Amino acid sequence: MIEELVRYVGLVLVVAGCLVNLIGAIGLNRFKNFYLRLHAATVSTIGGTFYPLVGLALISLTMSELGELRFFMGGSLVVAAFILLMLAPAGSHALARATHRAKISKPEPVIADHLAEDRGG
Amino acid sequence: MRKYFVLVSIVLATVVIAYITTYLRALGPIGLDTRYLAKLFLMLTYNPVYRELTAMSPEAVTSIVWDFRGVDTLYETVVFYMAIIAALTIYRGVSYSSIWGGYGLSLIVRVVTKLLIPINIAIAVSIAAHGHLTPGGGFQAGAVLAVVSVLLAVTYSASSFIKLGVSLSKAVALRSAGLLAIALVVFTPIVFSALTGVQTYIMQNYVKIDSSFSFPTHVWNQLISGTLIWLNLAEFLAVSFGFFIIFMLLSLREEVVREQIGEKDEH
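The listed protein sequences derive, respectively, from chains A and B.
Its first residue numbered 2, the first sequence is counted upward by one per residue in my numbering.
Its first residue numbered 114, the second sequence is counted upward by one per residue in my numbering.
The set of hints was computed from the structure by calculation and includes no laboratory data.
Please read all numbers here as calculations on a predicted model, not as lab measurements.
Ideal Cβ positions, reconstructed from N, Cα and C, are used throughout, including at glycine.
It is possible that part of the hints are untrue.
Quick list of simulated restraints, FRET-style, between CB atoms [unchecked claim]:
hint : chain 1 : residue 1 : chain 2 : residue 2 : range
1    : A       : MET87     : B       : GLY278    : 25 to 31 Å
2    : A       : ALA26     : B       : ILE232    : 38 to 44 Å
3    : B       : LEU363    : A       : HIS40     : 50 to 56 Å
4    : A       : VAL80     : B       : TYR136    : 44 to 50 Å
5    : B       : VAL191    : A       : HIS40     : 31 to 37 Å
6    : B       : LEU201    : A       : CYS19     : 37 to 43 Å
7    : B       : PRO171    : A       : MET64     : 47 to 53 Å
8    : A       : VAL16     : B       : LEU125    : 49 to 55 Å
9    : A       : PRO110    : B       : ALA286    : 34 to 40 Å
10   : B       : LEU155    : A       : VAL80     : 47 to 53 Å
11   : A       : HIS40     : B       : ARG371    : 39 to 45 Å
12   : A       : ILE105    : B       : VAL332    : 52 to 58 Å
Covered stretches of chain A (chain B as the covering partner; in silico rule of three or more C-beta atoms under 8 Å from a C-beta of chain B) [what the hints assert, rightly or not]:
hint : stretch
13   : 56-68
14   : 108-114
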């Protein structure tokens with residue numbers, strides 16, 4: 002019973018990840034400037050990769066036919082998901098910050114730009 | 114028009130190559146059967162019955178790379194070693210201590226990098242130590258560990274190497290230690306032969322038809338596959354610090370290098 006439930010939760014996470022990936026891809030294609038596209042890319046790295054990895058970890062933990070190897074698989078998937086969860090925001094932050102400092106792309110639509118105000122811009 | 118030409122030539126080349134490889138059978142007959150050589154490798158990578166032919170490792174790639182064609186891999190390692198010697202020769206006389214200290218990236222990226230580096234080192238060591246059991250091995254693990262130096266140079270600036278006490282000469286010493294360890298494993302059978310008079314071969318792993326010398330396959334009931342684990346670990350050391358040296362040299366600024374070598378800027 003509980004195994005079935007965990008497996009279905011994992012499947013739901015994988016399917017949700019696919020949908021988020023699709024949305025991220027559409028956003029990456031349709032959005033107008035760099036910052037908006039970066040947002041779409043981050044949506045698909047976290048929503049489209051982190052959630053499916055956690056889902057796969059749950060699915061592999063319930064597969065008793067894998068024997069003890071399922072803990073190995075589930076553990077590596079959780080570690081990979083955790084590393085991704087740390088890295089993706091830091092990477093997009095570094096990209097956005099570098100672009101803002103170099104003034105390569107103009108942020109628009111802009112409501113408030115505190116970073117530019119702090120730098121006296 | 115030009116785009117159209119490129120597209121047509123790509124399609125044409127694909128069709129011609131596909132025709133040659135499939136209908137003209139340039140790569141031999143195509144079928145679902147496993148070829149004889151593949152069958153041989155699959156049978157002999159882990160086979161406790163044919164002890165004089167097997168590599169006793171469930172990982173086919175590592176058994177081929179370090180056992181069946183071990184001498185070839187040894188030469189590859191030596192070529193890599195020579196390439197780094199060439200790079201060091203170009204940069205001779207350049208002192209790393211006068212490097213310009215930068216600020217690196219923002220606090221967020223620096224904290225994440227600090228968290229990532231221990232994970233990175235752990236993954237690299239596990240890839241090297243499991244090289245004879247799972248895909249991976251010394252070279253791959255070395256490449257993974259070398260990423261640490263790039264992360265340090267980019268997020269903390271290249272002057273962080275000096276702060277951490279890593280110098281070029283130390284990296285060269287560690288890399289040479291790795292290569293020395295490989296040489297030790299390779300020549301152990303010869304030394305054994307000189308001491309006992311038993312016939313052995315260079316880079317020998319297990320017993321052969323006319324030689325009784327063998328490295329242990331198991332230690333404390335753990336499969337270590339004879340020389341494979343030692344060669345993987347030694348290659349890990351040699352490759353990781355080889356890449357480390359290259360990345361340290363590449364992170365130097367051109368002006369600093371020119372100034373230290375004493376070369377005038379001609380432009």
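Going through the hints against the structure:
1. A C-beta distance of roughly 27 Å is found between MET87(A) and GLY278(B), which places it inside the suggested range of 25 to 31 Å.
2. Checked against the hint of 38 to 44 Å, the pair ALA26(A) and ILE232(B) fails, with Cβ atoms roughly 29 Å apart.
3. Separated by about 33 Å at the C-beta atoms, LEU363(B) and HIS40(A) break the suggested range of 50 to 56 Å.
4. For VAL80(A) paired with TYR136(B), a C-beta distance near 47 Å keeps the hint of 44 to 50 Å intact.
5. The hinted window of 31 to 37 Å between VAL191(B) and HIS40(A) is violated, with their beta carbons roughly 49 Å apart.
6. Distance hint check for LEU201(B) and CYS19(A): the Cβ-Cβ separation is about 49 Å, which falls outside the suggested range of 37 to 43 Å.
7. Remark: the range hint 47 to 53 Å for PRO171(B) to MET64(A) is contradicted by a beta-carbon distance near 21 Å.
8. Checked against the hint of 49 to 55 Å, the pair VAL16(A) and LEU125(B) fails, with Cβ atoms roughly 41 Å apart.
9. Between PRO110(A) and ALA286(B) the Cβ separation comes to about 57 Å, which falls outside the hinted range of 34 to 40 Å.
10. Here the CB-CB span from LEU155(B) to VAL80(A) is close to 31 Å, at odds with the stated 47 to 53 Å.
11. Restraint check, HIS40(A) to ARG371(B): a C-beta distance of roughly 43 Å satisfies the suggested window 39 to 45 Å.
12. Between ILE105(A) and VAL332(B) the CB atoms are about 56 Å apart, so this pair conforms to the stated range of 52 to 58 Å.
13. Judged by the Cβ-Cβ criterion of 8 Å, the stretch 56-68 of chain A is not covered by chain B as claimed, because only 0 of its residues qualify and three are needed.
14. Under a criterion of three residues with beta carbons nearer than 8 Å to beta carbons of chain B, the stated coverage of the stretch 108-114 of chain A fails, only 0 such residues being counted.
Checked against the numbered hints given earlier, this structure breaks hints 2, 3, 5, 6, 7, 8, 9, 10, 13, 14; the rest are met.
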